[in-house]
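Those protein sequences? They're chains E and D, same order as listed. Numbering follows my numbering, in which position 150 of the first sequence is assigned residue number 151; successive positions increment by one, without gaps. Numbering follows my numbering, in which position 349 of the second sequence is assigned residue number 350; successive positions increment by one, without gaps.
Read the hints as simulated data drawn from the structure, not as lab findings. In this text the structure is predicted, and so the values were computed from the model without any measurement. Just so you know, not all the hints are guaranteed correct.
Here are the simulated EDC-like pairs of lysine to aspartate or glutamate, each with C-alpha atoms no more than 16 Å apart in a straight line [stated by the list, open to error]: (1) 363/E with 60/D; (2) 58/D with 71/D; (3) 450/D with 31/E; (4) 363/D with 75/E; (5) 363/D with 31/E; (6) 33/E with 31/D; (7) 144/D with 60/D; (8) 247/D with 85/D; (9) 407/D with 315/E; (10) 363/D with 449/E; (11) 32/E with 60/E; (12) 32/D with 8/E; (13) 363/E with 57/D; (14) 450/E with 315/D; (15) 137/D with 85/D; (16) 363/E with 230/D; (17) 141/D with 114/D; (18) 33/E with 71/E; (19) 450/E with 31/D; (20) 407/E with 61/D; (21) 96/E with 79/E; (22) 32/E with 449/D; (23) 6/D with 40/D; (24) 33/D with 75/E; (25) 137/D with 8/D.
Number of protein chains: 2
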Amino acid sequence: MATKKTDVLIIGGGPAGFTCATSCRNTYLDKKVTLVRRDKISVIPCGIPYVISSLDKVEDNVLGDKKLLDCGVEIVVDEIVDFEGNQAVAASGDKIEFEKLVLATGSHPRKPELPGAGLDGVFVVSKSFDFLNMLKQRIKEAKNIFIVGGGFIGLEIADELLKQDKNVTVCCRSCFLRAAFDPEFCALAEEELSKLGATMLDGTQIKELSGNGSVDGVVLTDGRKVDADLVIFGIGYDANITLAEKLGLETQNGFIKVDEYLRTSNTDIFAVGDCAIKRDYFARNQVGVMLASTAMAEGRLAGSNLYHLNVVREFKGTLGTFATRFGNLSIGATGLTERNAKKLGFNYTVGRAKAPDRHPGKLKDASMTVMKLLFSPTSHTLLGAQVAGGKSVGEMVNILSVMIQKGFTDIEIDTMQLGTHPLLTASPVAYPIINATVDAIVKSGWGEKN
Amino acid sequence: MATKKTDVLIIGGGPAGFTCATSCRNTYLDKKVTLVRRDKISVIPCGIPYVISSLDKVEDNVLGDKKLLDCGVEIVVDEIVDFEGNQAVAASGDKIEFEKLVLATGSHPRKPELPGAGLDGVFVVSKSFDFLNMLKQRIKEAKNIFIVGGGFIGLEIADELLKQDKNVTVCCRSCFLRAAFDPEFCALAEEELSKLGATMLDGTQIKELSGNGSVDGVVLTDGRKVDADLVIFGIGYDANITLAEKLGLETQNGFIKVDEYLRTSNTDIFAVGDCAIKRDYFARNQVGVMLASTAMAEGRLAGSNLYHLNVVREFKGTLGTFATRFGNLSIGATGLTERNAKKLGFNYTVGRAKAPDRHPGKLKDASMTVMKLLFSPTSHTLLGAQVAGGKSVGEMVNILSVMIQKGFTDIEIDTMQLGTHPLLTASPVAYPIINATVDAIVKSGWGEKN
């Protein structure tokens, strides 16, 4: 029952807490930073699906402590359960006194509310090391696996299961990846997973799970029954706000309210990552996006600004920059899709391009890149991008993300110097970021006539 | 001996001429654009080394005409040899009358001036289809191949020759890739090619080539002799300015003088690509960089601005954005190296980062990324970047190129939202663009002390 003293206490060891800690240490050289987390071992959240097949063991997906320790962050493994003034009270009974507090408490998987949801063999994807070890083992023993949810997690898990030749069924209420992509890109992902052998049930809802003690099947609302000895739900995550509520901080729709600098209603307390409210980049309304890219940017910003506002916020809101890969298809997006542009009331011009990501395209490892860009026809700024193709899609999306965040216009992109190389990129005459931009410029009726 | 009429005449079918033609057609909808080129078939210049091994035949490395034809550009295969007023005179005797003229005449390989340079089996790398067919055949028959020149072309050719298990020696006067990289990155490339089996002779000069009719060896200035049945010189390219001289246009140090908008001393005549003068991005002094990335940006800019200045130039000069790959090492750069920063008199801070390009790093196709960034310690803007790693280096360099061109500061980069994914990028906590930036920020003594 010791009482420790620290200057900055960070609760949560995920990416947001991690970068907030290092950023704080880099900025406030004399401040003591303590990071407290529940799990002895922090898993890399986005690596979770890959412990199933691509990685030999869950231990291979660990967010190491070296960088934290190297920059002098003290790590405490414990669970903060309450507060007494400026002291955090841990489950062990220990207390930690702080000057500044950062909540990086993350999120937890949403549980299904369905008949049969309590059967053995029905799981949500928790981020804990022990759970993942157990899940990996159960998957090995299973034959028919049913995944509920059409988001990234569900599809990434499906892709991994197919590598073990499981019978995989994935169902989602509307269209796969609907939140992030327009239908033509969603279809590419669905096709790829179908080709790999998954049964893809879009526009499908579940009525109940059947079984006696253990799950043995899934009953759909249309009456069909699918055999399943393992059911995995990837139906979203909810922010962990219990501690924020204990602190009396303001929340909004299940998230901790923060200002532009990640300060909660108590300005000595910051919140970063999944637990903090997210606002849309373009219209500033609340959104539910939970991504490492956002969490990290928030962690870095908050860490530098804990004592003074040293770093002016350069980003307007959550851009939702993301990429993933199923089978041989990488797919990524940043900013607005057409669907979201319409919903927010934006006028837009679409530019498209298609080109192999090597040149000439006959080079053996070439993948076809398909790109769709949205521009404001009046402001001329880039609003959104969707890309499908080979593994460089991960960095291509980042080029576009940077362009959106810096307010690039179509003509600015058109005059950019972008490098190309036969073995690494599309051809200079077909470079898709340029060519999709030119397509949008041409479509906007820009040309001069005599 | 026909006389044709066109509105815009573009001489040269390489990347600069190609994009200038499409860009002009997209901007000036009613203007007739004629592109005249010497070769029936245009090869993709940066793909030239890859016809040796990676591609089955030279025909696989062709810049197709489809895109030009689709947007209404007329292609004439002929060689312009002279001018009569606003008529271009072709070798066939045909004449083409124009309103606006674009010289995209490119460059030709520099020939060695050495005893034995005229022997059979001694080549420079010309960009013509027929030459490449011949060279591919000669390489097949050769055993000991000696490459002179430590630039990209020389090393890319060496890499390709090693795929055919040739005995490969490469020599250069100073250090390999010296123009584009700092010594630690040059060393990575040299090590990779050595590991693949090449004999790398840096700091080495050639005295003469030996042989009787055909080359049989290379004599170094230190007296050593290396057997060689084929010698390839990659010692640079010179701009093709003969036509510009016939037109009486101003030139400077072997390049056609152009203004910010690629207009020559006659404002109805533009010059783009390798033949046009290049200025350094940071100090605006003349440089000899010849890259497709620059040529394309110039082609697009000139094409839109032929009749009116429609598109304001957003780029300040040649950034030299480039990436290439030898064996399993991709390596790229944009902006200033330390060497160039010193030469130009820039003060700078170096930031470094190292991380696998997948996360966790145990994923099977992970490559280690090594990044070096240069920032101005006072302006805080990004000055230059060097990256080595896996195939995503090609697009990573473009992120950095875009950041330099838009004047990103260290703190802006630090607050950027950049996406990460296990199968496609480095980990969010190790993303090298961010982490090398943070390293530079920390080194600049930014932190607060009590």
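Notebook entry, point to check: Between residue 32/E and residue 449/D, is the straight-line Cα distance small enough, at 16 Å or below?
Noted result: 9 Å, holds
Notebook entry, point to check: residue 33/D and residue 75/E: Cα distance at most 16 Å?
Noted result: 70 Å, violated
Check: Is the straight-line distance between the alpha-carbon of residue 247/D and that of residue 85/D 16 Å or less?
Finding: 10 Å, holds
Checklist line | 16 Å limit on alpha-carbon distance, applied to hinted pair residue 137/D and residue 8/D | finding: 40 Å, violated
Check: Does the structure keep residue 6/D and residue 40/D at a Cα separation of 16 Å or less?
Finding: With a Cα-Cα distance of about 21 Å, the restraint between residue 6/D and residue 40/D is violated, given a limit of 16 Å.
Next item on the list: Could you grab the alpha-carbon distance between residue 450/E and residue 31/D and see if it respects the 16 Å cut-off?
Entry: 6 Å, holds
Margin query: Would the hint linking residue 363/E and residue 230/D be met if the CA-CA limit is 16 Å?
Written below: With a Cα-Cα distance of about 30 Å, the restraint between residue 363/E and residue 230/D is violated, given a limit of 16 Å.
Checklist line | Given pair status - residue 31/E, residue 363/D, alpha carbons within 16 Å | finding: 35 Å, violated
Notebook entry, point to check: Does residue 60/E lie within 16 Å of residue 32/E when you go C-alpha to C-alpha?
Noted result: Since the Cα atoms of residue 32/E and residue 60/E sit roughly 32 Å apart, the hinted pair is violated (cutoff 16 Å).
Check: Within a Cα-Cα threshold of 16 Å, do residue 141/D and residue 114/D meet the stated pairing?
Finding: Violated, because 26 Å separates the two Cα atoms, which is more than 16 Å.
Next item on the list: For the pair supplied as a hint, residue 144/D and residue 60/D, confirm whether the alpha-carbon distance does not exceed 16 Å.
Entry: 24 Å, violated
Margin query: Checking one constraint from the list: CA of residue 363/E to CA of residue 57/D, max 16 Å. Satisfied?
Written below: This hinted pair holds, its Cα atoms lying about 9 Å apart.
Of the hints listed earlier, those the structure fails to meet are numbers 2, 4, 5, 6, 7, 10, 11, 12, 14, 15, 16, 17, 20, 23, 24 and 25, in rising order.
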